[in-house]
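Sequential numbering of the sequence shown, starting at 0, is according to numbering that gives the first Met the number 0.
Bear in mind the hints are in silico, worked out from the structure with no lab data behind them. Given the structure is predicted, the values throughout are model-derived calculations rather than measurements. From the three backbone atoms N, C-alpha and C, an ideal C-beta is built for every residue, glycine too. Take these hints with a grain of salt, some might be off.
[Unchecked claim] Think about it this way: if two alpha-carbon atoms lie no more than 20 Å apart in a straight line, the pair counts; the simulated PhoX-like pairs of lysine-lysine are:
| hint | residue 1 | residue 2 |
| --- | --- | --- |
| 1 | 56 | 113 |
| 2 | 57 | 33 |
| 3 | 33 | 56 |
[Stated by the list, open to error] Distance ranges between label pairs, derived from CB positions:
| hint | residue 1 | residue 2 | range |
| --- | --- | --- | --- |
| 4 | 58 | 79 | 26 to 34 Å |
| 5 | 40 | 76 | 13 to 21 Å |
| 6 | 30 | 72 | 13 to 21 Å |
| 7 | 22 | 93 | 36 to 44 Å |
| 8 | 77 | 103 | 33 to 41 Å |
| 9 | 37 | 59 | 15 to 23 Å |
| 10 | 81 | 44 | 43 to 51 Å |
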Amino acid sequence: MALPIGLHLTIKTCVTSDICDKGVQVINLGQQGKAVAHLKCCDGHECGAVAPPELPKKAPANGKQCPACFALGKACLEEVTDCTGDELYCAEGNLNPNMGMFPVEVSLKGCANKALCDSLVGYEAMAPEDSGHHAIQCTPNSSIHQQEFTTVSQWNDLSLIHEFSGGVNTVPRWFGLFLTILSGVLLRKLLA
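Model the full structure from these sequences, guided by the hints.
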């Protein structure tokens, strides 16, 4: 089931200034849709009149491909999707219900841009300390058959298993804006 097109969310929250200029963040989930987010920062009274940033127009295919899927409470049924614009990474993530944010396990795969992958590193964790095991990875996309480089995080003891060379290091602080993007995808899925 494809996601309905045209759903826009505006979320206002407090963040640290070091994450304000990450750019437009994109994850392309293939037939399940594309989530696009842009963080626009403000300070003090000017925040009351801040208009949402304009999101990018549809970009042409860039010749790269990634596995893509989105599933709630079940395994992802993968397809291969064509990446567009600056989507030069393959992203894969799993969130489990122990986080307290989502009632079911969420699995996703798709094309992502550098801004999204960088944001996975830069945003503070919003999950509780005892929230269980979560993994996310962004790998540079030279081919969908390339060796995958992963970093797996364990929330409880913050042990990290690194098999990493040339990807984007995604330690357990990746939730922030990525969860905002994912919330939009979940809302679309539930409204479909």
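**CB-CB spacing for residue 93 and residue 22 relative to the 36 to 44 Å hint** = violated (25 Å)
**Message:** A range of 13 to 21 Å was offered for this pair. Does it hold for the Cβ distance of residue 40 and residue 76?
**Reply:** Since the Cβ atoms of residue 40 and residue 76 sit about 38 Å apart, the hinted range of 13 to 21 Å is violated.
**Prompt:** Do the beta carbons of residue 30 and residue 72 sit within 13 to 21 Å of each other?
**Reply:** Holds: the Cβ-Cβ distance is about 19 Å, inside 13 to 21 Å.
**Message:** Tell me if the beta carbons of residue 77 and residue 103 are separated by a distance inside 33 to 41 Å.
**Reply:** violated (19 Å)
**Message:** Given the hinted pair residue 56 and residue 113, is their Cα-Cα distance within 20 Å?
**Reply:** holds (17 Å)
**Item:** residue 57 paired with residue 33 [C-alpha distance capped at 20 Å]
**Value:** holds (10 Å)
**Asked** Given a hinted range of 43 to 51 Å, is it respected by the beta-carbon distance of residue 81 and residue 44?
**Response** holds (45 Å)
**Request:** May I ask you to test the hint 26 to 34 Å on the CB atoms belonging to residue 58 and residue 79?
**Result:** violated (18 Å)
**Prompt:** Could one say that the CB atoms of residue 37 and residue 59 fall in the range 15 to 23 Å?
**Reply:** For residue 59 against residue 37, whose Cβ atoms are near 20 Å apart, the range 15 to 23 Å holds.
**Request:** Would you check the hint for residue 33 and residue 56, treating anything up to 20 Å between C-alpha atoms as holding?
**Result:** holds (12 Å)
Checked against the numbered hints listed earlier, the structure breaks hints 4, 5, 7 and 8; every other hint is satisfied.
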